[in-house]
Amino acid sequence: DTAVSQTPKYLVTQMGNDKSIKCEQNLGHDTMYWYKQDSKKFLKIMFSYNNKELIINETVPNRFSPKSPDKAHLNLHINSLELGDSAVYFCASSQGALKNIQYFGAGTRLSVL
Amino acid sequence: SQQGEEDPQALSIQEGENATMNCSYKTSINNLQWYRQNSGRGLVHLILIRSNEREKHSGRLRVTLDTSKKSSSLLITASRAADTASYFCATGSGNTPLVFGKGTRLSVIA
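Which chain is which? The protein sequence lines are A and B, in order. For the first sequence, the numbering used here begins at 1 and goes up steadily by one. For the second sequence, the numbering used here begins at 1 and goes up steadily by one.
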């Protein structure tokens with residue numbers, strides 16, 4: 001069983017569209033994250049939820065809206081997609097403190113045309 | 001702000017050789033972690049070293065931590081083609097999230 005799974009793996013869409021990425025973890029962790037990895041491989045945290053509560057909200061355009069229906073799921077909805085949103089988005093989870101080990105999904109490669 | 005900086009950015013070695021990657025950081029930490037990312041995949045945790053530890057081993061991996069120099073190194077001994085990947089350090093401190101460096105791209109040539 002995949003510990004952290006995210007769908008879809010690839011997403012190709014036009015500028016201005018709205019899209020969602022889903023993430024689920026079956027590790028029983030209480031904290032989940034969204035990261036953006038750019039073309040130079042730099043991994044930047046976007047959001048973090050702990051037990052469904054938003055605890056980290058980095059400087060991210062408000063076109064990005066995370067939603068956590070329960071502590072095993074963290075989805076990311078993106079409105080009005082822009083060219084600069086093209087990147088690989090990773091979901092991750094951890095247990096306890098934010099400095100603990102994180103477990104990553106396989107990533108969603110978003111291409112905005 | 002970015003915390004970890006890996007060095008070198010890219011490293012190419014022959015199978016069987018050892019690979020050493022370095023990570024420098026700026027502020028005090030509770031732990032430092034190393035992750036591997038294979039092409040097209042997510043990051044996988046390799047090893048965690050706490051701020052009161054100086055060296056840690058896991059299989060062919062050896063990690064050192066020098067808090068006075070704010071630096072860490074990851075040594076992969078007897079490298080294999082399957083070790084080809086990007087390696088990231090991440091620093092953990094206080095109640096803040098991990099901060100990842102930009103990674104070292106390792107190519108192991110058979």
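Keep in mind the hints are simulated off the structure, nothing from the lab. It is possible that some hints are incorrect.
As the list claims (entries may be wrong) - Derived pair list, reagent style DSS-like, types lysine-lysine, alpha-carbon separation capped at 30 Å:
id: 1; chain 1: A; residue 1: K41; chain 2: B; residue 2: K102
id: 2; chain 1: A; residue 1: K71; chain 2: A; residue 2: K41
id: 3; chain 1: B; residue 1: K69; chain 2: B; residue 2: K102
id: 4; chain 1: B; residue 1: K102; chain 2: B; residue 2: K56
id: 5; chain 1: A; residue 1: K40; chain 2: B; residue 2: K69
id: 6; chain 1: A; residue 1: K40; chain 2: B; residue 2: K102
id: 7; chain 1: B; residue 1: K102; chain 2: A; residue 2: K9
id: 8; chain 1: A; residue 1: K19; chain 2: A; residue 2: K52
id: 9; chain 1: A; residue 1: K67; chain 2: A; residue 2: K40
id: 10; chain 1: A; residue 1: K44; chain 2: A; residue 2: K9
id: 11; chain 1: B; residue 1: K102; chain 2: A; residue 2: K22
id: 12; chain 1: A; residue 1: K19; chain 2: B; residue 2: K26
id: 13; chain 1: A; residue 1: K44; chain 2: A; residue 2: K71
id: 14; chain 1: B; residue 1: K70; chain 2: A; residue 2: K67
id: 15; chain 1: B; residue 1: K69; chain 2: A; residue 2: K44
id: 16; chain 1: A; residue 1: K67; chain 2: A; residue 2: K41
id: 17; chain 1: A; residue 1: K36; chain 2: A; residue 2: K71
id: 18; chain 1: A; residue 1: K19; chain 2: A; residue 2: K41
id: 19; chain 1: B; residue 1: K69; chain 2: A; residue 2: K41
id: 20; chain 1: A; residue 1: K52; chain 2: B; residue 2: K70
id: 21; chain 1: A; residue 1: K19; chain 2: B; residue 2: K56
id: 22; chain 1: B; residue 1: K26; chain 2: A; residue 2: K22
id: 23; chain 1: B; residue 1: K69; chain 2: A; residue 2: K67
id: 24; chain 1: B; residue 1: K26; chain 2: A; residue 2: K40
id: 25; chain 1: B; residue 1: K56; chain 2: A; residue 2: K41
id: 26; chain 1: A; residue 1: K36; chain 2: B; residue 2: K102
id: 27; chain 1: A; residue 1: K67; chain 2: A; residue 2: K9
id: 28; chain 1: A; residue 1: K36; chain 2: A; residue 2: K67
id: 29; chain 1: B; residue 1: K26; chain 2: A; residue 2: K44
id: 30; chain 1: A; residue 1: K44; chain 2: B; residue 2: K70
id: 31; chain 1: A; residue 1: K36; chain 2: B; residue 2: K70
id: 32; chain 1: A; residue 1: K44; chain 2: A; residue 2: K67
id: 33; chain 1: B; residue 1: K70; chain 2: A; residue 2: K40
id: 34; chain 1: A; residue 1: K22; chain 2: A; residue 2: K41
Unchecked claim - Quick partial rundown of chain B residues pointing at chain A, CB under 7 Å, derived from the structure:
id: 35; residue: S28
id: 36; residue: S39
id: 37; residue: R41
id: 38; residue: P97
Quick caveat: nothing in here was measured; it's all calculated off a predicted structure. Cβ atoms here follow ideal geometry from the backbone N, Cα and C, with glycine treated the same way.
Status of each hint after checking the structure:
no.	hint	result
1	A/K41 to B/K102	6 Å, holds
2	A/K71 to A/K41	28 Å, holds
3	B/K69 to B/K102	19 Å, holds
4	B/K102 to B/K56	22 Å, holds
5	A/K40 to B/K69	27 Å, holds
6	A/K40 to B/K102	8 Å, holds
7	B/K102 to A/K9	22 Å, holds
8	A/K19 to A/K52	21 Å, holds
9	A/K67 to A/K40	28 Å, holds
10	A/K44 to A/K9	19 Å, holds
11	B/K102 to A/K22	25 Å, holds
12	A/K19 to B/K26	37 Å, violated
13	A/K44 to A/K71	22 Å, holds
14	B/K70 to A/K67	37 Å, violated
15	B/K69 to A/K44	25 Å, holds
16	A/K67 to A/K41	25 Å, holds
17	A/K36 to A/K71	21 Å, holds
18	A/K19 to A/K41	23 Å, holds
19	B/K69 to A/K41	26 Å, holds
20	A/K52 to B/K70	35 Å, violated
21	A/K19 to B/K56	43 Å, violated
22	B/K26 to A/K22	34 Å, violated
23	B/K69 to A/K67	41 Å, violated
24	B/K26 to A/K40	21 Å, holds
25	B/K56 to A/K41	26 Å, holds
26	A/K36 to B/K102	13 Å, holds
27	A/K67 to A/K9	19 Å, holds
28	A/K36 to A/K67	16 Å, holds
29	B/K26 to A/K44	17 Å, holds
30	A/K44 to B/K70	21 Å, holds
31	A/K36 to B/K70	26 Å, holds
32	A/K44 to A/K67	19 Å, holds
33	B/K70 to A/K40	24 Å, holds
34	A/K22 to A/K41	22 Å, holds
35	S28	12 Å, violated
36	S39	11 Å, violated
37	R41	6 Å, holds
38	P97	5 Å, holds
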